[in-house]
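So the protein sequences, as listed, match chains C and P.
Residue numbering for the first sequence follows this note's numbering, beginning at 1 and increasing consecutively.
Residue numbering for the second sequence follows this note's numbering, beginning at 1 and increasing consecutively.
Don't read these hints as lab results, they were simulated from the structure.
From a predicted model like this one, the values you see are computed outputs, not experimental measurements.
Heads up, some of the hints might be wrong.
What the simulated footprint calls covered on chain P by chain C, stretch by stretch (three residues with Cβ under 8 Å from a Cβ of chain C suffice, anywhere in the stretch; the number is not a length) [as the list claims (entries may be wrong)]:
#1 84-93
#2 160-172
Anything over 12 Å on all C-beta distances counts as not near chain P; from chain C, calculated [said to hold, decoys possible]:
#3 3
#4 189
#5 500
Idealized CB from N, CA, C, for every residue including glycine.
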Amino acid sequence: MGFILVQFLTGLASASSLFLVAAGLTVIFGVTRVVNFAHGSLYMLGAYLGWTILSALPRDPAWFALGVVLTGAGVAAIGMTIETTLLRRIYKAPELLQLLATFGVVLIVQDVVLKVWGPDDLTLPRPRWMRAFVTIADQRVPVYDLLTIAIGPLMLLGLWLLFTRTRWGTLVRAATQDREMVAALGVDQRRLFTAVFALGAGLAGIGGALALPDGSANGQMDLTVITDAFVVVVVGGLGSLPGAFLASLTIALLQAFGIVLFPKITLVLVFIVMAVVLVLRPNGLLGRPLAAARGDANTPALVRAAVPALRWLGAAVLLLAALAPLFAGPFALSVLTEMAIAMLFAASLHAMMGPGGMVSFGHAAWFGLGAYGAAFAVKGLALSMPAALIIAPAGAALAALLFGGFVVRLSGVYLAMLTLAFAQIVWAIMFQAVSVTGGDNGILGVWPAAWATDPRTYYWLTLAICTAGVLLLRRILYAPFGYALRAARDSETRAAAIGLNAAWLRLAALVMAGAAAGLAGGLTAFAKGSVFPGYVSIGRSVDALLMVLLGGVQSMAGPVAGALVYTGLFDILLMVTDLWRLVLGLSIVALVLIFPQGIAGTVHRLWLRGREA
Amino acid sequence: MLNVADVHSYYGRAHILQGVSFALPAGAVMVLLGRNGAGKSTTMKTLIGIVRPAQGRIEFAGADIAGWDTHRIARAGLGYVPEERRIFTDLTVMENLEVGRQPARDNRPPWTPDRLFALFPNLGRMRNRTGGRMSGGEQQMLAIARTLMGNPRLLLLDEPSEGLAPVIVEEMANAILALKQEGVTVFLAEQNPHFAARVADRATVIEQGRIVWTGTMAALQADEAARSAYLAV
Ligand SMILES: Nc1ncnc2c1ncn2[C@@H]1O[C@H](COP(=O)(O)OP(=O)(O)OP(=O)(O)O)[C@@H](O)[C@H]1O
Ligand SMILES: [Mg+2]
Numbered sequence: 001m002g003f004i005l006v007q008f009l010t011g012l013a014s015a016s017s018l019f020l021v022a023a024g025l026t027v028i029f030g031v032t033r034v035v036n037f038a039h040g041s042l043y044m045l046g047a048y049l050g051w052t053i054l055s056a057l058p059r060d061p062a063w064f065a066l067g068v069v070l071t072g073a074g075v076a077a078i079g080m081t082i083e084t085t086l087l088r089r090i091y092k093a094p095e096l097l098q099l100l101a102t103f104g105v106v107l108i109v110q111d112v113v114l115k116v117w118g119p120d121d122l123t124l125p126r127p128r129w130m131r132a133f134v135t136i137a138d139q140r141v142p143v144y145d146l147l148t149i150a151i152g153p154l155m156l157l158g159l160w161l162l163f164t165r166t167r168w169g170t171l172v173r174a175a176t177q178d179r180e181m182v183a184a185l186g187v188d189q190r191r192l193f194t195a196v197f198a199l200g201a202g203l204a205g206i207g208g209a210l211a212l213p214d215g216s217a218n219g220q221m222d223l224t225v226i227t228d229a230f231v232v233v234v235v236g237g238l239g240s241l242p243g244a245f246l247a248s249l250t251i252a253l254l255q256a257f258g259i260v261l262f263p264k265i266t267l268v269l270v271f272i273v274m275a276v277v278l279v280l281r282p283n284g285l286l287g288r289p290l291a292a293a294r295g296d297a298n299t300p301a302l303v304r305a306a307v308p309a310l311r312w313l314g315a316a317v318l319l320l321a322a323l324a325p326l327f328a329g330p331f332a333l334s335v336l337t338e339m340a341i342a343m344l345f346a347a348s349l350h351a352m353m354g355p356g357g358m359v360s361f362g363h364a365a366w367f368g369l370g371a372y373g374a375a376f377a378v379k380g381l382a383l384s385m386p387a388a389l390i391i392a393p394a395g396a397a398l399a400a401l402l403f404g405g406f407v408v409r410l411s412g413v414y415l416a417m418l419t420l421a422f423a424q425i426v427w428a429i430m431f432q433a434v435s436v437t438g439g440d441n442g443i444l445g446v447w448p449a450a451w452a453t454d455p456r457t458y459y460w461l462t463l464a465i466c467t468a469g470v471l472l473l474r475r476i477l478y479a480p481f482g483y484a485l486r487a488a489r490d491s492e493t494r495a496a497a498i499g500l501n502a503a504w505l506r507l508a509a510l511v512m513a514g515a516a517a518g519l520a521g522g523l524t525a526f527a528k529g530s531v532f533p534g535y536v537s538i539g540r541s542v543d544a545l546l547m548v549l550l551g552g553v554q555s556m557a558g559p560v561a562g563a564l565v566y567t568g569l570f571d572i573l574l575m576v577t578d579l580w581r582l583v584l585g586l587s588i589v590a591l592v593l594i595f596p597q598g599i600a601g602t603v604h605r606l607w608l609r610g611r612e613a
Numbered sequence: 001m002l003n004v005a006d007v008h009s010y011y012g013r014a015h016i017l018q019g020v021s022f023a024l025p026a027g028a029v030m031v032l033l034g035r036n037g038a039g040k041s042t043t044m045k046t047l048i049g050i051v052r053p054a055q056g057r058i059e060f061a062g063a064d065i066a067g068w069d070t071h072r073i074a075r076a077g078l079g080y081v082p083e084e085r086r087i088f089t090d091l092t093v094m095e096n097l098e099v100g101r102q103p104a105r106d107n108r109p110p111w112t113p114d115r116l117f118a119l120f121p122n123l124g125r126m127r128n129r130t131g132g133r134m135s136g137g138e139q140q141m142l143a144i145a146r147t148l149m150g151n152p153r154l155l156l157l158d159e160p161s162e163g164l165a166p167v168i169v170e171e172m173a174n175a176i177l178a179l180k181q182e183g184v185t186v187f188l189a190e191q192n193p194h195f196a197a198r199v200a201d202r203a204t205v206i207e208q209g210r211i212v213w214t215g216t217m218a219a220l221q222a223d224e225a226a227r228s229a230y231l232a233v
């Protein structure tokens, strides 16, 4: 009995911390419609900044509270800077580009944190009051937990009063619905947005600081927290504060009890909850269907055929790539192999994002399933490499078919989050089913067939397969199927009126994308000779997104260009600087500000303009 | 009060306003007439700054407001009621009014909810109802009341009578005449000639993005040729 109580209280305490981060994220999304991937980074900054501030203050509760508030203010100021220098300029850019920009911020913050605070986990000395317990039902409950538990509901109350009882809150709610009309009534929405962003950032900062006594400030917390926060926000319903609160409670309690009942599946549990909620309630627990916020100029992504010059360029690059082994050394060859695979991986994501209109945050799932599929085929089933390279895409496609039925019913961020959920489940399986997958150690010795062991042969094979894969995707997307898919993306009802079944079209696109990504994964397995859970990690999904977004979703050339630039940039940066994240992040931010249509989109537009003039 | 000279506006590459010019004296109620797609709404949006004019001058209250941000134009005393009303459906009547509230202007008594409820008695009976649960006519009244909360010197109304029952149209006309009594200058786009004749003293006609006729309402009614050329359907 007492044990259940303790688990319950632990759950409530973590619900409070979850809510703090999720509240900021949901408020920012509600008003600005920006999916802020950097929100976890703000939380991490809160933890580090909080560590610096709290370490310098006397260790009693009053100073602690002051330090937390100061941290919140500091992170709010950082958020304000991000909003005014970056986000403000891209509110009217396509949603995906905003996402890309916030990714850039994630990378920048990672390196800044590393430079300023170093690589070690930072913990706070715990004074006596922080270690204190009270005894409830014969169980010792940390006082700090009780404090944390109180903070969640208090914060909800405070925010609720702010949004319903003040003029500022009324303006924010109005702007959530129609920012242009709010401006027409004389309200400076830019200041409103900055303030909202600062508020959200401040909440994340406070959350980060409050997490310190029970944990540490570390360099991985940004992605962990953003994943959790997204799950909460999506389960609760985008933009809904009470929804976020309810979802925090549900998820934290499930975790608290899940870890006792089924220690193996806690990682998966959260994502299963999300999947179930989204399948039953596609807009989250308390969310409503999202009408596009009035007054933004999001242009739908077109997919245009390449101009002839671009084809020639492509052919020239391909020829050069095919000749490369004649003069490239082993390192260059391995980079080139990676690039060829990245190209297919990015093109597969593009197929679902661009023409399919389905943004995926979990594309690594298919990649990883392909890689593990190939590894099982050769190691477990003792099949040949060619057979493994057929099993890789086939396995991923099968998984996509089974899982796709849930995905294609959703749209927008909800869809993206469900794909992330699936990827996390796959990751957890690879990580935890040690007897089959080797867990963290992965599966080693996945070497190519004897005839392909020469890196040059394997490179040629990879290049041929990946080029064929990309061309095949392109062929399909410019065939009637591709046009039907785009019609379904642009208007489901109109597509239905001309006899197209949007759900089936999207499912087919997802399966196709899954197969192509699976093939890329299989090729990677043999290229590296091993597979690891890292192949299914969020970082890998983010890589794919970055490649597509860098290139631009409007054309097939986009993902290819993006993959080459990203992989190349990445490898070069890795060689010349240990601050590669910072440089990459800054480049991304600069690219977004300079090319708000993506690289390929902008080149294409300039080209057209040149021709008309 | 308002002086518009050679204004051009685009949607993307579509050249919609192709040199709009007209003047509006203080205290007048002027109607902007024209067929569907003539550019009435675009003119209104250009005045409030939602559409940025590519060229031309818009003099209002002593400044050239062309190119200003929308909120700045609104604060200079231009009130805009859009054709689609754009009520905040999640907010109550009182909250909608609060969003529109701006400081008093020109030493005139500011609009308050109570004064507005006297003008639109229906609204006073549903203060705490959310905008989404109101009829089209009620929403139109709320849209006008919300804009009046900003104490505008000039009120832009885009087709206030559109889609309203005759009784409500009559109420609307009375309200506009009452505003004129208060000294508010009104510029309204209309398709309904009877409503226009009832409230307006001046008229200007737009066709394919150009002003083709300007004068008093009485002169327009006398000018059979202009009416059949520009307004008959
Ligand atoms: N957002 C837009 N993008 C592109 N073209 C537009 C847009 N809005 C209006 N147009 C075009 O601009 C022209 C003028 O439209 P506007 O809305 O100003 O007409 P209007 O006179 O208000 O018509 P109505 O009486 O139907 O309200 C029309 O040809 C219309 O098709
Ligand atoms: Mg109109």
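So, going through the hints one by one against the coordinates:
For a cut-off of 8 Å, the count of residues in the stretch 84-93 of chain P with a CB near a CB of chain C stands at 5, and the three-residue condition holds. Given a C-beta distance limit of less than 8 Å, the hint that chain C covers the stretch 160-172 of chain P is violated, as 0 residues qualify and 3 are needed. With a least beta-carbon separation of about 44 Å from chain P, residue 3 of chain C lies farther than 12 Å from that chain, consistent with its non-interface assignment. The beta carbon of residue 189 of chain C sits about 7 Å from the closest Cβ of chain P, which is not more than 12 Å, so the claim that it is off the interface is violated.
Interface exclusion of residue 500 of chain C from chain P stands, the closest Cβ pair being 28 Å apart, more than 12 Å.
When the structure is compared with the earlier hints, violations turn up for hints 2 and 4 and for no others.
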